[in-house]
Each structure stands twice: as C-alpha cells, then as structure tokens.
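Asker: Here is what each chain is made of, one letter per residue.
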Amino acid sequence: MTAAAPATSAGEPLRVETLPTLPGLGALYARGAAASGRIAAGRAMPGLPVIGQGRAAEGDGEARPLTLPDVAHRVTGVPTVDLAHHLHDYQRLLHEPVTDVLPAGYLHVLAFPLATAVMVRGDFPLPLLGMVHLANAVELRGPVVVGDVLEVRAWAENLRPHKRGVQVDLVAEVRRQAEPGGAPVWRGVSTYLAKGFHLPWTGEPDLPAAATGGDGDERAPAGTWTPPLPTGRWALGPGTGRAYGAVSGDRNPIHLSALSAKAFGFPRAIAHGMYTAARALADVGHARGDAYRWTVEFASPVLLPGTIDVAVTPDGDGTGFAYVGWNGRRHRQHFRGAVTPL
Amino acid sequence: MATRKPSDGSPRGSSRTSSRAASPSAPAGVRDAVIVGGNRIPFSRAGKKYADASNQEMFTAALEGLVARFGLQGERIGEVVGGAVLKHSRDFNLIRESVLGSSLSPQTPAFDLQQACATGLEAAITVANKIRLGQIESGIAGGTDTISDAPVAVSEGLRRALLDASHAKTLQARLKAFAKVRPADLKPLSPATDEPRTGLSMGEHQAITTARWGISRSAQDEVALASHQHLAAAWDAGFFDDLVTPFRGLTRDDNLRADTSLEKLASLKPVFGRGLAEPAEPTMTAGNSTPLTDGASTVLLASADWAAERDLPVLARLVDAETAAVDFVHGHDGLLMAPVHAVPRLLARTGLDLGDFDFYEIHEAFASTVLTTLAAWEDADYCKAELGLDTPLGSIDRDRLNVNGSSLAAGHPFAATGGRILATAAKLVAAKAAETGKPARALISVCAAGGLGATAVVESV
Numbered sequence: 055m056t057a058a059a060p061a062t063s064a065g066e067p068l069r070v071e072t073l074p075t076l077p078g079l080g081a082l083y084a085r086g087a088a089a090s091g092r093i094a095a096g097r098a099m100p101g102l103p104v105i106g107q108g109r110a111a112e113g114d115g116e117a118r119p120l121t122l123p124d125v126a127h128r129v130t131g132v133p134t135v136d137l138a139h140h141l142h143d144y145q146r147l148l149h150e151p152v153t154d155v156l157p158a159g160y161l162h163v164l165a166f167p168l169a170t171a172v173m174v175r176g177d178f179p180l181p182l183l184g185m186v187h188l189a190n191a192v193e194l195r196g197p198v199v200v201g202d203v204l205e206v207r208a209w210a211e212n213l214r215p216h217k218r219g220v221q222v223d224l225v226a227e228v229r230r231q232a233e234p235g236g237a238p239v240w241r242g243v244s245t246y247l248a249k250g251f252h253l254p255w256t257g258e259p260d261l262p263a264a265a266t267g268g269d270g271d272e273r274a275p276a277g278t279w280t281p282p283l284p285t286g287r288w289a290l291g292p293g294t295g296r297a298y299g300a301v302s303g304d305r306n307p308i309h310l311s312a313l314s315a316k317a318f319g320f321p322r323a324i325a326h327g328m329y330t331a332a333r334a335l336a337d338v339g340h341a342r343g344d345a346y347r348w349t350v351e352f353a354s355p356v357l358l359p360g361t362i363d364v365a366v367t368p369d370g371d372g373t374g375f376a377y378v379g380w381n382g383r384r385h386r387q388h389f390r391g392a393v394t395p396l
Numbered sequence: 004m005a006t007r008k009p010s011d012g013s014p015r016g017s018s019r020t021s022s023r024a025a026s027p028s029a030p031a032g033v034r035d036a037v038i039v040g041g042n043r044i045p046f047s048r049a050g051k052k053y054a055d056a057s058n059q060e061m062f063t064a065a066l067e068g069l070v071a072r073f074g075l076q077g078e079r080i081g082e083v084v085g086g087a088v089l090k091h092s093r094d095f096n097l098i099r100e101s102v103l104g105s106s107l108s109p110q111t112p113a114f115d116l117q118q119a120c121a122t123g124l125e126a127a128i129t130v131a132n133k134i135r136l137g138q139i140e141s142g143i144a145g146g147t148d149t150i151s152d153a154p155v156a157v158s159e160g161l162r163r164a165l166l167d168a169s170h171a172k173t174l175q176a177r178l179k180a181f182a183k184v185r186p187a188d189l190k191p192l193s194p195a196t197d198e199p200r201t202g203l204s205m206g207e208h209q210a211i212t213t214a215r216w217g218i219s220r221s222a223q224d225e226v227a228l229a230s231h232q233h234l235a236a237a238w239d240a241g242f243f244d245d246l247v248t249p250f251r252g253l254t255r256d257d258n259l260r261a262d263t264s265l266e267k268l269a270s271l272k273p274v275f276g277r278g279l280a281e282p283a284e285p286t287m288t289a290g291n292s293t294p295l296t297d298g299a300s301t302v303l304l305a306s307a308d309w310a311a312e313r314d315l316p317v318l319a320r321l322v323d324a325e326t327a328a329v330d331f332v333h334g335h336d337g338l339l340m341a342p343v344h345a346v347p348r349l350l351a352r353t354g355l356d357l358g359d360f361d362f363y364e365i366h367e368a369f370a371s372t373v374l375t376t377l378a379a380w381e382d383a384d385y386c387k388a389e390l391g392l393d394t395p396l397g398s399i400d401r402d403r404l405n406v407n408g409s410s411l412a413a414g415h416p417f418a419a420t421g422g423r424i425l426a427t428a429a430k431l432v433a434a435k436a437a438e439t440g441k442p443a444r445a446l447i448s449v450c451a452a453g454g455l456g457a458t459a460v461v462e463s464v
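These protein sequences, in sequence, are chains A and B. Residue numbers for the first sequence follow the numbering used here, beginning at 55 and rising by one. Residue numbers for the second sequence follow the numbering used here, beginning at 4 and rising by one.
No lab work stands behind these hints: they were computed from the structure. As the structure is a prediction and not an experimental result, all values here were calculated from the model. Any given hint could be a false lead.
Unchecked claim - Restraint ranges, calculated between C-beta atoms of paired labels, are given here:
id	chain 1	residue 1	chain 2	residue 2	range
1	A	Val152	B	Thr439	51 to 61 angstroms
2	A	Ala317	B	Ser219	47 to 57 angstroms
3	B	Gly32	A	Ala232	53 to 63 angstroms
4	B	Pro186	A	Val152	18 to 28 angstroms
5	B	Ala168	A	Ala289	21 to 31 angstroms
6	A	Asp369	B	Lys172	49 to 59 angstroms
All residues carry an ideal CB built from backbone N, CA and C; glycine is no exception.
Isolated chain A (complex conformation) (with noise of 0.2 angstroms):
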C-alpha cells in the first residue's frame, strides 16, 4: 500500500524520489553553501556551466526560463519513538507544555531537513542561503504523538515573482505510516524569496503572500504603524538563534552569532522565524484544540538580542487567536499571523 501518487497543488504529477531517512541538516547546509556558490557564480559570469539554470534578471535576456524540479522526496517508516527527549527539549524552549504530543512546530522541525533537501538539488534553481523566509502556513489535523511511525514527503511547487526577487513554496507533508492512503496529519507550506531573481515571463507581480493575507502595512515605515496593546513581551537573549538551532537543527549562520550573521548583510544574529511563531503558537495554548491551522507572515528580522512586544488575542469571531510580534520601542512590525482551530 502507498499513498496517492503526490501532486502540485496545481495538479502537476511529481516524480518520488525515496530516501531511506530524513537527511541530517548540517551536511545539507554544507552542501547547500556550495550550491549557492555555484548559482551566484553563474549569476555573476553567466558564460559558465551552472548547477541550476536560473539566471538573473540583468543577464543577456537568453536565459532559460526557472524551473522547479518535478520531483517530491519521501521518507518513509520514520519513527518518533526515540524522540521523547529531543521533543520535550523543543516544549520547554518554546514554552509549549511538556507531553508526548508532537506540536505542530516540531512537526516542521521534523520535515524541514527533508525540505531542505529539495532545496540543495542540483536542479533546484535558487541557492539556499540567502533566501528569506516571508510566511509559512501549517495545518495539524489531529494529535501525532510519540510512538507513531511517519512518512514524509516534500517538493518544491508554485515559482512565481516577486517584487524583490521570485517566491517559491516549499511543501511538506506528514502522514502516519498507519495510515498510508489517508490525507496528511500534518500539511506545511513554506514561502521563501530568493532577492534578485527574475522570471522571465514576468507579467503582473504577485503580491507577496505575506500581504495577501492582511493589510500590507508592514512594509509601511517604522513608526506609521500603531501596535495595539501587548499582552505580552519577549525578551529574546543572545544565544536564541543557537539554542533553537541546537533543537531544529536549523544552523543557518544567520541565526548563530553576529559574525556569521554580518557575512549575509545582518548588522546581528536574527532569530529563526518559525522559532517566534512556535511561541506565539504555544502562547494560544489549549485553545487551539488537536488540530488547527497555523500561519505566520515575517515582516522584519528580530536581532538577537532583543526584546519584543506581542499581542496574541481571540479574533473577531471567536473562533481563534490572531497575533502579532513588533519591536516596542520604534514600533516596527516583526511578525504577524493566526492560529485556527479545525
């Protein structure tokens, strides 16, 4: 029995590539670095042979066109049952309760390395480091516990542009072994921008998905917007970005120390996104029930350290919690999303 053969969201057939486990992180980035190497390479002398065929905007206009890999990488038989101790790590670093219910922040913790994966393809066609994380969008539809056998799958879906660059969807999925043909438990979208990329075709710019969803202010300059009254305030220390990379695995040197950090254009160390939307989800707390639907836009980087304000309150209808993270002192909007109860 296997699962439905996957599938874009917009229908196009994808190819499955089978791993037999979920990659390590810190290779990937090793070679991730190397790719992007080459990528920016072939951006800056476009007469070279390049890993990926994507090409940039101010080239000689022959550029090939960008194009996404029509292939999903799979795991399967994943097993969670050694990772109570990893788990409860995560809880109390996120603030979530300590049980063997896995949120649905270490879910994407859990199928990151996979996506990532995706993403250090020779024939993905954007490099991975630098790439800026604009929103994400999960949705758990029923508790995953410690103990379940899981199966993972990921691709890349839906290149469009963006003002700044071209946008990408990273999709992950996880399933329960048990439950090979079933839908999803756990479904993540992730929205990366690579700066300075161009689609050929470029017609109407899409609007960033990180306005889509609202008003668009956080582009509007600091000071403009007016926070509402905070229910709460992070003080975010030095090591965050080590710490939540100590967790996640996640060691992008953005997210390290100050010096790893300028070397991409950071006057600081910033915190990982997901890691302020993991507390915001904790933050909502029983409320949110077993399943819920979990997004977050980035509007600006949070520099470690810092400390920074943020309203999670019921929405309007009663129906879930809608939050907001800002920098208190010059009002600058970090992030902002909502959790939903399915």
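Starting from the known structure of chain A, arrange chain B on it as the hints suggest.
Answerer: Relative to chain A, chain B alone:
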C-alpha cells in the same frame, strides 16, 4: 474593647428593609471568627534597615510581638498559617520554624500557604474558616517577604548539570555533566516579578490596564498623596501603637513621605508603559507605584469564647471572604482586576451593597489599581459583560477609602500586606462602632500576581 458572644447561627433575617443592610450572620452550624488584634514590624524599603534580615527572622519578630501583646507565651495556638512569596527552598516549613523560634508552645501546628500578594489575607481566611467550623479555637495568620534577602537561583543549564552530576555514578560521568555548562550558565538568576506566561512585569501589565481605562496621571498622584498623608496622620495619632513592634532600629514604615506633594509626585518620570502606542501615555511613576519592600505581619483570630476566656479584646469578626481570578493571558482582563470580580459575588452572598461599608481597604499595588477597580464597578458595560450585573455595582464614598493610608505609603512586602490591612480594618471598625454605637463594616480587596484576588468583609462586634 467589648467582647461579644458568637452569633446564634440563626438563618439570615428577613427584616433587611432598613436603608442600612442587616449584619450578615454566619450560616447554620458555623460560628464567628473574631479578630483579636494584629502585630507587624515596620515595613522597610528593600536594601535598607532589613537588608540582612531573613523571612524567618522577620516573621518570628512579628509573631513574638503578637505573643507579647496578648500574653500568649507557652500557649498552644490552634494553627499558625502564613507564607512568603519569595521563598528559599530551605524555608519549606517557614511558619513552623518561626513558631519553634517563638515563645508559643512548641505543640502549636503551622503550615505555609502562598497566593502571591494575597497570601496574608488568604491565610487569615483559612484560619477564620477553621475557627468558623469549630476545628480550632485560635489561630494566627500572617506573611513575610524580603526583597533584600531574596533567594538567588542558578541558571537552568547549571542546575541541570548539577543534578546530572549528582546522579552520575562515575567521575567520568560527573565530568561529562559539568562539561555541558556554558559560561552564560554561571550567571545567577534573581527572582523577577514578571508574569511567567506573558513576560510582562506587574507594572507593565497595570500600565496596559491603566491605558484601557484611561486613568490620568493626576488622579494616580492624588491617590498616592492621600496614602502618604493618611498614613502619616495615623502614625502621628498613635493608631499603630498597638499594631506595630519596632525591629532592627526601625520604628515607622520608612517608605512614608509625610512631606510629599502633588508637585513632587508630578515631577517623577514614568517607569511603566513607556512602550505603549498612542493614545496611551505613560502615567505610572515610582511615586504612584509601590516600592519593593521588606516586612512581616501577623493577625490573631479566635472563637469569641476563646478570646473571652482569656480576657482578650475583640476588634471585629471576619464575616466572609471571596477569591477570584481573571483571564489576563490574552488581555481579556487586566492582571490585577480579580478583586473587581470577587467583590460582587461576596456582596451577593452576604446580602450587602457596595455602599454598605464604613471603610474600604483597597490594596494600592499601584494607585491606578485602586482607580481601575473603582472605574470598573461604575462602568455599566463592564459590569454587565464581565460581572453579569444588570446595573453597575456602584460608586464608593472616597472619604472612606484607605483612610489610614495603604501600600503606596507603607510599602508592600508581598505576603505581609494582607495582615497589615486586616488588622487596620478590624481596628477601624471597632473604633467606629465604639464612637457611634452602631455596627461598622469594612470591605477589603487585595489584588495579586497570576490574575488573582482576595476580598473579605470585616464587621465590628
């Protein structure tokens, strides 16, 4: 001070038709718990006179003063109940150890209790309930807190390494445990007053509530000024002569500023709510917020018979009490608004109206806490939506509010505040009843961290 036999426990009278509500009587099978008196040490700003005094030393001093005042040496008290908000783990039996260090009978049982800033009042409620049920004849309630001598904890990283090392069986395993310690783990952690679930300090929480209710800076400064003036007048009039025992060379609360003025208070810079967006403006200063304080307090409660047998005075009886909690985590209600919910429930049970009191003792965690509490009771929408009342609970006569000062002037050693307020309220109603020949009544309201609150009704006997 007159003593009185306990009420006969008859059901509530139906003759409550006078403009003044009838005195609420105890339910059938329950007798009165009376307040004999109180004793505390002067409250001191953190880091000053009591800088090296421990919770146990301060509580023992307050307790010994009470014992001396009422001749309780060698007496086996039914129960001594109290606590501290900031407590070291070695003080697991803080109150019992204090009893053993006092001249009370060593056969006096005791236990620790903690409900943040409501600890002292909750201890008195607990003692009063045991007396009302006939389980004990006498009891002492109180609390103590020190900021100066607060416990300092090690970081989570170091704590885990120490625990792992102590569980390790071999030297190698112990070394491995310590190898996980990072330099940052060596920094000690001081106790914070931040709410664990929100990360906001109590002051920041109250700044949000203040902004929601639109409480002005000048209104808060007026509350602070009145607190200092009233407390100073009460000290000068000798009101605290039989309520306070000097300690470590201190004879008066050293936070008291008898000479403060609205001009001085207005000159202070806001310390809370500075990050709030327009139209909120920061209004809360060090002058209209309570300072961190060290101190301890005790109150002696008993059955009327027990007091009469010993020829002890009886100031008042603790009629009834109600605690409440609010949903503050996502901003539905303000952190310190729980007493606003408790009081209408308490009034409904005792058959009293908000106007039926001679004194209102509303703990001044911040001047604006008092003002948001009063504003909420006057607000028709809030009373309907949040308190389930068809009409607003009402207004109070401000001349009856904190007439001998409160925490803004006296300071606020968290667990000690309830005992200070209860003894003050009991003495006030006793004096008022003696003066007028009519029963006098006080309403007590104490807000607490965690969205908690405790309230009580005290009536002359």
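Asker: All hints are to be evaluated individually against the structure, with a verdict given for each.
Answerer: The hints, checked one at a time:
1. A:Val152 with B:Thr439: 51 to 61 angstroms: holds (59 angstroms)
2. A:Ala317 with B:Ser219: 47 to 57 angstroms: Between Ala317 of chain A and Ser219 of chain B, where Cβ atoms are some 51 angstroms apart, the hint holds.
3. B:Gly32 with A:Ala232: 53 to 63 angstroms: holds (59 angstroms)
4. B:Pro186 with A:Val152: 18 to 28 angstroms: This hint holds: roughly 27 angstroms between Cβ atoms.
5. B:Ala168 with A:Ala289: 21 to 31 angstroms: Holds: the Cβ-Cβ distance is about 29 angstroms, inside 21 to 31 angstroms.
6. A:Asp369 with B:Lys172: 49 to 59 angstroms: holds (53 angstroms)
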